[in-house]
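At position 171 of the sequence shown (counting the first as 1) the number is 171 in the numbering used here, and the numbers step up by one without a gap.
The set of hints was computed from the structure by calculation and includes no laboratory data. Everything numeric in this text was worked out from a predicted model, so none of it was measured. All residues carry an ideal CB built from backbone N, CA and C; glycine is no exception. Be aware that a few hints might be false.
Across the chosen pairs, the derived CB separations fall in these ranges [unchecked claim]:
| id | residue 1 | residue 2 | range |
| --- | --- | --- | --- |
| 1 | Ala161 | Ala33 | 36 to 42 Å |
| 2 | Lys53 | Ala28 | 21 to 27 Å |
| 3 | Gln150 | Lys27 | 43 to 49 Å |
| 4 | Thr109 | Val86 | 37 to 43 Å |
| 5 | Ala28 | Gln150 | 18 to 24 Å |
| 6 | Asp83 | Thr109 | 19 to 25 Å |
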Amino acid sequence: GAKKEKSSKGAMASKLGALNAAHASPKAFANAAPNSRVGLIRTYYVANAEVIKANEDAAEATKALEDANAALAEAKTLQKAVDDAVASLAALNQQLTDAQAAIVGLAETDPAFISGTAAIADLESQISTAEAAQIAAAAEMLNVDLPALQAAVDAAVIEAADATAEAATAEAAALTALEAAANKTPVT
Numbered sequence: 001g002a003k004k005e006k007s008s009k010g011a012m013a014s015k016l017g018a019l020n021a022a023h024a025s026p027k028a029f030a031n032a033a034p035n036s037r038v039g040l041i042r043t044y045y046v047a048n049a050e051v052i053k054a055n056e057d058a059a060e061a062t063k064a065l066e067d068a069n070a071a072l073a074e075a076k077t078l079q080k081a082v083d084d085a086v087a088s089l090a091a092l093n094q095q096l097t098d099a100q101a102a103i104v105g106l107a108e109t110d111p112a113f114i115s116g117t118a119a120i121a122d123l124e125s126q127i128s129t130a131e132a133a134q135i136a137a138a139a140e141m142l143n144v145d146l147p148a149l150q151a152a153v154d155a156a157v158i159e160a161a162d163a164t165a166e167a168a169t170a171e172a173a174a175l176t177a178l179e180a181a182a183n184k185t186p187v188t
């Protein structure tokens, strides 16, 4: 039991080779020469910490891009609501004009006049509702700057791409540092 455990620890240490220097004390890491085995391992630790930070920055930039896209999509939805309200109001106003023209010259007792008058009242009610919708949608759009939102998305795209590239560069640097610390041939 104990002999086998000791021999497996020895086999593992043998496989680790130069990386066994990772067990050096904190003081040894702090004072190690840059090209010493311990110094090379310290360089890898620093590079690996930079990878972690770069990946966090990339994730934050990606989240900022998602948020900017969501804000722009919401603004476009508001703009569509304004456009739809304007179109609806224009159509209702045209229907009202047509209904008013249809009853001109009819007697007040004529069934077409009576139904036309009812249609006009209904259209006026619909127009009132449509005007309120248009006003509400336009009021929401007062605080929306579509060009600024698009610019924010464009900037976020660049920031996310840069952060992702920086993370990849940091990853490559960490791998190079690990290879140097392990005194191994490059990993492909």
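Structure-based check of all given hints:
1. Ala161 / Ala33: 36 to 42 Å: Once the Cβ atoms are compared, 38 Å apart, the range 36 to 42 Å for alanine 33 and alanine 161 holds.
2. Lys53 / Ala28: 21 to 27 Å: Hint holds: Cβ distance 25 Å, inside 21 to 27 Å.
3. Gln150 / Lys27: 43 to 49 Å: Because 55 Å falls outside the window, the suggested range is violated.
4. Thr109 / Val86: 37 to 43 Å: With Cβ atoms ~38 Å apart, the hint holds.
5. Ala28 / Gln150: 18 to 24 Å: For glutamine 150 against alanine 28, whose Cβ atoms are near 54 Å apart, the range 18 to 24 Å is violated.
6. Asp83 / Thr109: 19 to 25 Å: violated, 43 Å
The structure is inconsistent with the numbered hints 3, 5 and 6, although it conforms to all the rest.
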